[in-house]
Amino acid sequence: MSASAAEPLAPARRGRRIPWAIALPLAWVTIVVFCAVTANWIGLADPAAQELILRRKPPSAEFLLGTDNLGRDMLSRIIYGARTSLIVGLCAPAFGFLIGGAIGMCAGYYRGKVDLLLVGVIDVLLAFPALVLALTFTAYLGQSLFNVTLALGILSIPAAARVSRANTLAWGNRDFVLAARTIGASNWRILTREILPNLLPPMFAFWLVAMSVVIVAEGALSFLGLGIPAPQPSWGGMIADGREALDAAPHTALIPAGVMFLTVLSLNFLGDIVRNMVDPRRSAL
Amino acid sequence: MTWLSRQLLRLVAVLFAVTLLTYFIVNILPGDVAIVILGNLATPEDIAGLRKDLGLDRPMLVRYFEWLGSALSGDLGRSYRTSEPVAQAIIDRLPVSLQLMVMAQLTAVGIAIPAALLSVRKPGGIFDRISAASAFGFLAVPSFMLGIVLIYVFSVRFDLLPATGFTPMSEGLWDNLESMILPALTLGLIEWTVLMRVLRSDLLTTLKEDFILLARAKGLPPWRVLLGHALRPSSFTLITVLGLNIGGLIGGAVIVEQIFALPGVGRLLLGAIFNRDLILVQGTVTFIATSFVVINFLVDMLYAVLDPRVRHVRFRS
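Quick mapping for you: the protein sequence lines, in order, are chains A and B.
Just so we're aligned: the first sequence equals residues 0 to 284 in this note's numbering.
Just so we're aligned: the second sequence equals residues 32 to 348 in this note's numbering.
Any given hint might turn out to be false.
What the hints assert, rightly or not - The calculated label-pair distances, taken between Cβ atoms and stated as ranges, are:
no. : chain 1 : residue 1 : chain 2 : residue 2 : range
1   : A       : S185      : B       : G108      : 50 to 56 Å
2   : B       : G168      : A       : R110      : 47 to 53 Å
3   : B       : L51       : A       : K112      : 39 to 45 Å
4   : A       : V32       : B       : E115      : 44 to 50 Å
5   : A       : V120      : B       : I157      : 46 to 52 Å
Unchecked claim - Okay, derived cross-link-like pairs now, SDA-like style, lysine to any residue, Cα gap no bigger than 25 Å in a straight line:
no. : chain 1 : residue 1 : chain 2 : residue 2
6   : B       : K153      : B       : D206
7   : A       : K112      : B       : S186
8   : A       : K112      : B       : K83
9   : B       : K153      : B       : M134
10  : A       : K112      : B       : L46
11  : A       : K56       : B       : V187
12  : A       : K112      : B       : L51
13  : A       : K112      : B       : S165
14  : A       : K112      : B       : Y183
15  : B       : K249      : B       : I270
16  : A       : K112      : B       : Q38
17  : A       : K112      : A       : L177
18  : A       : K112      : B       : R37
19  : B       : K153      : B       : K83
20  : A       : K56       : B       : F185
21  : A       : K112      : B       : L52
22  : A       : K56       : B       : R37
23  : A       : K56       : B       : W34
24  : B       : K83       : A       : Y139
25  : B       : K153      : A       : A20
26  : B       : K153      : A       : D271
Stated by the list, open to error - To give an idea of the chain B side of the interface with chain A (calculated C-beta under 7 Å), a few residues:
no. : residue
27  : V43
28  : V45
29  : A48
30  : F55
31  : I56
32  : A171
33  : M176
34  : I179
35  : V184
36  : F189
37  : I286
38  : G302
39  : I304
40  : I319
Since the hints were derived computationally from the structure, they do not count as laboratory data.
Keep in mind the model is a prediction, meaning the values are calculated, not measured.
The C-beta atom is built at its ideal place from N, Cα and C for all residues, glycine as well.
Excised from the complex, chain A in its bound form:
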C-alpha cells in the first residue's frame, strides 16, 4: 500500500481518461448552444404565452417538458432561458477578462509600485463577499439583462486579474521576452506580441470555469428576484417559480434545476480538461 499511497491520483486517471468524459459534456454544451442560437426558428411556442387552463401540466406529447404555474411551455422557456444564461455567461467573463486581464498584465509586467497599487485594488474587491456585491449592484443599477451582465462582469475582474498577473509574472522572465527587449521592442509590443499569446490558453481554461460560475450567479440573482426581470425566461427564475408548486408540480422546479446542473457540470468538466492540457502540474487538483 505504501508505494501506491504516495502517488497522487491524477496521473493515473489522466492516462485512463475515457473519451465519453469529453464527448458527453461537449455534446450537451453543443445542444444547449445550438438550441439557444436557433430558438427563434425551431418552431417553439412563445415562452411568454400564458394558458391558465393548461397550467402545471406534467410532460406530455404536446408539452415535452410540461407547463409551468402560468401554463407557459416549459421547453420553450428552458431554451430561451439557455439563451439568457449563455449571453450572461459569455459576456460577463469577457468583460471581466478584458479589464481584469489588462490590469493583471500591467501589474505582472511592470511590477514595483504599479503592481502594489493594482494588487491592493484587487484585494479590496476580493474582500467583498461576491454575492452581496452583485445583489447591491443589480438592486441599484436596476434589473435588466445588461445590468446583470455588467454587475457579474465587474465581479469577475479581480479573479481574471489574478490569473493574468500570475501568468504574466511567469512568462515575463523568459528568455524570449529578454530577447525582444534587447532588439528594442517597446513595452506595448512585448505585452501584446510576446506575452499575450502565451496568456490565452490558461485564460481560456479559466474562462470556461468562470462561465459556469457566472451562470450559477445569474441563476442565484434571478432566483432571489434581483436578476433578469420577470417575463423574460431565466433558469434561476424558473426554479424560483417552480418552488411555489413543489408538491403539485415538482417538474416546474426540478427540470430547470436539472438542465442547469448538467450545463454547469459540463462546463466544469471541459474547463478541467482544458486546464489539464494547458498546465499539467495543476491537474492533481
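Based on these hints, arrange chain B on the given structure of chain A.
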C-alpha cells in the same frame, strides 16, 4: 516596520476602502431616499425639505466621514422605514446566521473528514474515485438548486422535516434543530467538497513522512496510523479553509436563508434591498464585508502563528 504592523495597516486600509466603496455604491446609484420615504406623490418642495433634513444636500464625502465616525462608535443609523436602529437589527438576526454557519460547518467537516480518510486509504481505488466524482458533481450544484431538491425530497415527498420557517431555541431545542437541518445540510453538502480535497491532498503528503513509515513498521493497523498519526498534522489547510468559510457564511448565506425563510443577517439584507432601505443596506453590507475581512485577517494571523514560514512567503505573492 514589523510584519504584524504592516498587516494591521493593510487591514485598516482594506476596511476603509470597503466601507467607502459600500457607501459609494449605495449612495451614488439611482433611487432617491427622499422619494422612497415620501412616496411618488410628494411635491418637489417636500422632497427638497426632507433631503435637507436628512443632510442629503451636502457633499457625499462629508456624509461618508460623518457616517464612518458614528459607525466606529457602533451607531449605524436608523432604518428609514421602521426607524429601528440598524446595529440592533443586525444583532437580533446574528444568532440565527451564526447557528446556521456552525451547523453547516459541522455537516461539511462530518462528511469531508471520513471521505478524505477513506479516499487516501487506497488512492485511485473505488472509494477515492466515488468521492472525487461526487465532489466534482456537488461543485456544479448551486445552493438554491440543492435547497429546492432537499425540500422536495425531505419535506414534500417524505414529510420528515419542515420545508421553511424558523423556530427559536427558546421554543424547544428539537423544534429549533429541526428547522435548521435542511438549511445546514444544503450549505454543508456544497462545502464539504473543498474541505475533502484539501484534506485529501495534505493527507497524501503526510503519509510520505518518516514517522508514518515508523508507525507502520511498528505494525499499527492502517486505521490507527491514519487517525492517530496522519490526521492531525494534515488538518492545517482544512482549518484555514474552515476559517475562511466562517467569514463567507456570516452574510453569504443569503440564498439559503431566503429559501428556508430563516430570519438571519442575509435575509435582513435582502429585505432591505427590496424595500430600498438604503441606510439598512449600507449597514448590513458594511457589517458583512467587515466581518469577512476581519475574520480572514484573523485566519491569516493564526496561520502565521502556526507556521512561521508564512510570514515571509504568503503575502508577497
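Status of the hints after comparison with the structure:
The supplied range of 50 to 56 Å is met by S185 of chain A and G108 of chain B, whose beta-carbon atoms lie about 52 Å from each other. At roughly 41 Å, the beta carbons of G168 of chain B and R110 of chain A sit outside the given window of 47 to 53 Å. Distance hint for L51 of chain B and K112 of chain A: a CB-CB separation of about 21 Å, inconsistent with the stated range 39 to 45 Å. With their beta carbons about 49 Å apart, V32 of chain A and E115 of chain B fall inside the hinted range of 44 to 50 Å.
A beta carbon spacing of about 47 Å between V120 of chain A and I157 of chain B agrees with the range 46 to 52 Å that was offered as a hint. Among the hinted pairs, K153 of chain B with D206 of chain B is inconsistent with the structure: their alpha-carbon atoms are about 41 Å apart, more than 25 Å. For a cut-off of 25 Å, the pair hint linking K112 of chain A to S186 of chain B is broken: about 57 Å separates their Cα positions. Of the pairs offered as hints, the one joining K112 of chain A and K83 of chain B is violated, with about 43 Å between alpha carbons and a cut-off of 25 Å exceeded.
At roughly 30 Å between alpha-carbon atoms, K153 of chain B and M134 of chain B are farther apart than 25 Å, so this suggested pair is violated. Between K112 of chain A and L46 of chain B the alpha-carbon distance is near 21 Å, which keeps this suggested pair within the 25 Å criterion. Taken as a hint, the K56 of chain A and V187 of chain B pair is honoured in the structure, with Cα atoms around 18 Å apart against an allowance of 25 Å. With a C-alpha separation of about 23 Å, the suggested pair K112 of chain A and L51 of chain B falls inside the 25 Å cut-off, and the hint holds.
A threshold of 25 Å between alpha carbons decides the hint, and for K112 of chain A with S165 of chain B the separation of about 44 Å lies outside it, so the pair is violated. For a cut-off of 25 Å, the pair hint linking K112 of chain A to Y183 of chain B is broken: about 54 Å separates their Cα positions. Our distance criterion of 25 Å between C-alpha atoms is broken by K249 of chain B and I270 of chain B, whose separation comes to about 30 Å. This hinted pair checks out: K112 of chain A and Q38 of chain B have alpha carbons roughly 18 Å apart, not beyond 25 Å.
For the given pair, K112 of chain A sits about 21 Å from L177 of chain A by alpha-carbon distance, which is consistent with the 25 Å threshold. For the hint linking K112 of chain A to R37 of chain B, the alpha-carbon distance of about 16 Å falls within 25 Å, and the restraint holds. At most 25 Å may separate the alpha-carbon atoms for a hinted pair to count; K153 of chain B and K83 of chain B exceed this at roughly 71 Å. Among the hinted pairs, K56 of chain A with F185 of chain B is consistent with the structure: their alpha-carbon atoms are about 23 Å apart, no more than 25 Å.
Distance restraint check for K112 of chain A and L52 of chain B: the Cα-Cα separation of roughly 22 Å lies within the 25 Å cut-off, and the hinted pair is therefore satisfied. At most 25 Å may separate the alpha-carbon atoms for a hinted pair to count; K56 of chain A and R37 of chain B exceed this at roughly 63 Å. Taking the CA atoms of K56 of chain A and W34 of chain B, the gap is about 65 Å. The hint is violated against a cut of 25 Å. Between the alpha carbons of K83 of chain B and Y139 of chain A the distance comes to roughly 22 Å, so the proposed pair stays at or under 25 Å and holds.
The suggested pairing of K153 of chain B with A20 of chain A holds, with an alpha-carbon distance near 23 Å, which does not exceed 25 Å. Between K153 of chain B and D271 of chain A the alpha-carbon distance is near 23 Å, which keeps this suggested pair within the 25 Å criterion. Residue-level restraint check for V43 of chain B is violated (minimum Cβ-Cβ distance to chain A is 12 Å; threshold 7 Å). Below 7 Å, beta-carbon pairs count as interface contacts, and V45 of chain B has one with chain A at about 5 Å; its hint therefore holds.
Restraint check, A48 of chain B versus chain A: the minimum CB separation of about 4 Å is within 7 Å; hint holds. Look at F55 of chain B: its Cβ only gets to about 11 Å from chain A, farther than 7 Å, so that hint breaks. Interface restraint check: I56 of chain B against chain A, minimum CB-CB distance 5 Å, threshold 7 Å, status holds. Hint on A171 of chain B holds. Least Cβ distance to chain A is approximately 4 Å, under the 7 Å limit.
At about 5 Å, the closest approach between the beta carbon of M176 of chain B and any beta carbon in chain A falls short of 7 Å, and the interface hint on this residue holds. At about 5 Å, the closest approach between the beta carbon of I179 of chain B and any beta carbon in chain A falls short of 7 Å, and the interface hint on this residue holds. Because the closest C-beta pair between V184 of chain B and chain A is about 10 Å apart, greater than 7 Å, the hint is violated. The interface hint given for F189 of chain B is broken, as the beta carbon of that residue sits about 12 Å from the closest beta carbon of chain A, more than 7 Å.
With a least beta-carbon distance of about 6 Å to chain A, the hint placing I286 of chain B at the interface is held under the 7 Å criterion. Annotation: G302 of chain B was flagged as interfacial toward chain A, and the flag is violated, the nearest CB pair being 11 Å apart, outside 7 Å. Checking I304 of chain B against chain A: minimum C-beta separation of about 4 Å stays under 7 Å; hint holds. For I319 of chain B, the interface hint holds, since its Cβ comes within 7 Å of a Cβ in chain A; the closest pair sits about 6 Å apart.
Hint violations for this structure: numbers 2, 3, 6, 7, 8, 9, 13, 14, 15, 19, 22, 23, 27, 30, 35, 36, 38, all remaining hints satisfied.
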